[in-house]
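Peer 1: Whenever a hint applies, use it, and build me the whole structure from the sequences.
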Amino acid sequence: MQIYLPIAEVSVNAFLLLGLGGIVGILSGMFGVGGGFLMTPLLFFIGIPPAVAVATEANQIVASSFSGVLAHVKRKSVDFRMGTVLLIGGLVGAALGVLVFNYLKSMGQVDLLVKLCYVLFLGIIGALMFVESLNAIRRSKKPGSAPKRKQRGWIHALPFKMRFRTSGLYISVIPPLIVGVCVGILAAIMGVGGGFIMVPAMIYLLGMPTKVVVGTSLFQIIFVTAFTTLLHATTNFTVDMVLAVLLLVGGVFGAQIGTRIGTKLKAEQLRILLAIMVLTVCGKLAFDLLVMPSELYSLGATGGH
Amino acid sequence: MLRWLAILVALAMPASAEEVVLGMSQDKVAITANFDGSEILIFGAVKREEAIPEGDPLQVIVAIQGPSEPITVRRKEKRFGIWVNTQSVDVDAAPSFYAVATSAPFDEVLGSTEDLRYKISIPSAIRSVGAPMTVQDSQSFTDAVIRVRKANSLFQLNEGSVEFSQDTLFKTSIAMPANLTEGAYRTRIYLTRSGVVVSEYETEIDVRKVGLERWLYTLSRQQPLIYGLLSLAIAIFSGWAASAIFTGLRRG
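Chains as they are written, first to last, in numbering that gives the first Met the number 0: chain A, 0 to 304; chain B, 0 to 251.
Treat the hints loosely; a few may be bogus.
[To be verified] List time: in silico DSSO-like cross-link candidates among lysine-lysine, alpha-carbon distance up to 27 Å: (1) A:Lys-283 <-> B:Lys-46; (2) B:Lys-149 <-> A:Lys-104; (3) B:Lys-77 <-> A:Lys-114.
Derived from the structure by calculation, the hints contain no laboratory data.
Peer 2: Encoded structure:
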């Protein structure tokens, strides 16, 4: 069944969108990631204009993170204080990101920027995850070498210290603020929640306990992506509600199925699968940038109005 | 008084021996939620006061033109190993949709001076005034507009697709793709003989989003804040609903 998207102004198959939402939902349920970094490139591939894909995906992430955070609030695994600090940074970052996005849009470089960001981040994260999970599998085969506890470094020498009770931390607010700003910029430019960047940053950089990391990052993501959605809706008019609803419905059900599948697989195997998938998407995007396009010219609305 | 005026107008008009009487399968295209392109049937007849003149046969041209808008054409070049948009040319006005259907090969139907006058062929429908001095081959940018839009079925030249029987009845159908721009689509019919226009007729087809599509589009442009908040409300509600449904299922 074809459906006409009023903002994207293209006609796509509704079941294709439901299916995409479902598949990405299953993956995000399995791996505990938002799935934005997979969904947005997939939307590019099926011909949704990148500007619409990015803005609409931000809207969809609001729904999936809200659904996820409710479970974490019940388990009391959300550090609201840390979340708020990250959020303040995130809002500043999102505003900066939308400014950069609009500036590049008027220069005709927005597609390039979005795709370059994807190639860069998917490449780095995919490669890190791949190596890390290979090591983990190797380690699990020869027991005895427990991972070393990280040492306390320069992060603890910074001023403006604050106590984060849920995380059991007493650290400066500067590192979480910076992490928040970076994730906010990414959220606006790439249309992702940024969980796949924030989760490693919270564990390795801020030293937060793993059990509160996912809930806290989801809490922060809701507000940053909601803010990004509003900014895109009011400045670019690129949020497509019909597209968002179709992706949402598929995604929400997929996530629940994915969670069940995820519990039956080993963590290392899961991570290696995710790494391979991330690298595949990255490879496809990089290939498109490197190979001479079949059509060198592209048409766009004249900017400056 | 009115009658006199009518006679005066009739006298002032050029005496045209052959005129178009037009029919259309639809004069409105509604973009609904499940819009997947549309086929428009255009048919008509030639009205004559006298016998068919001697000489070359009469030919028919049908042209449908969507609203024109300025567009920026960008060219990619290889920089640092990747393909990047570099030069750009602003085209002052290019129709968002343009289809020409003729009853014979275009060159036989219309002479080039007549084309300049009536702006019927695809290249003459695009207006490009100033390309920046840095761009040498601005023509290739205009060509690109035609090539890209032809590839998307937004520009069509359907030679010989007008069926014209007994020099009197004609009909053709024009396929409009799903990605249409809203607006009034100017529809022109020309009768030509020996490459010269002998009669013309003009009307409009109204292409419009309707229902939900219309409502959402208008809301997103006129009340973007409310639209954004509504999108968020839907997202938050479905997030909550999904969580509630699945906790319910797990308990039940």
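Peer 1: All the hints need checking, so say for each whether the structure fits it.
Peer 2: Results for each hint:
| no. | hint | verdict |
| --- | --- | --- |
| 1 | A:Lys-283 <-> B:Lys-46 | violated (60 Å) |
| 2 | B:Lys-149 <-> A:Lys-104 | holds (25 Å) |
| 3 | B:Lys-77 <-> A:Lys-114 | holds (16 Å) |
Checked against the numbered hints given earlier, the structure breaks only hint 1 and satisfies all the rest.
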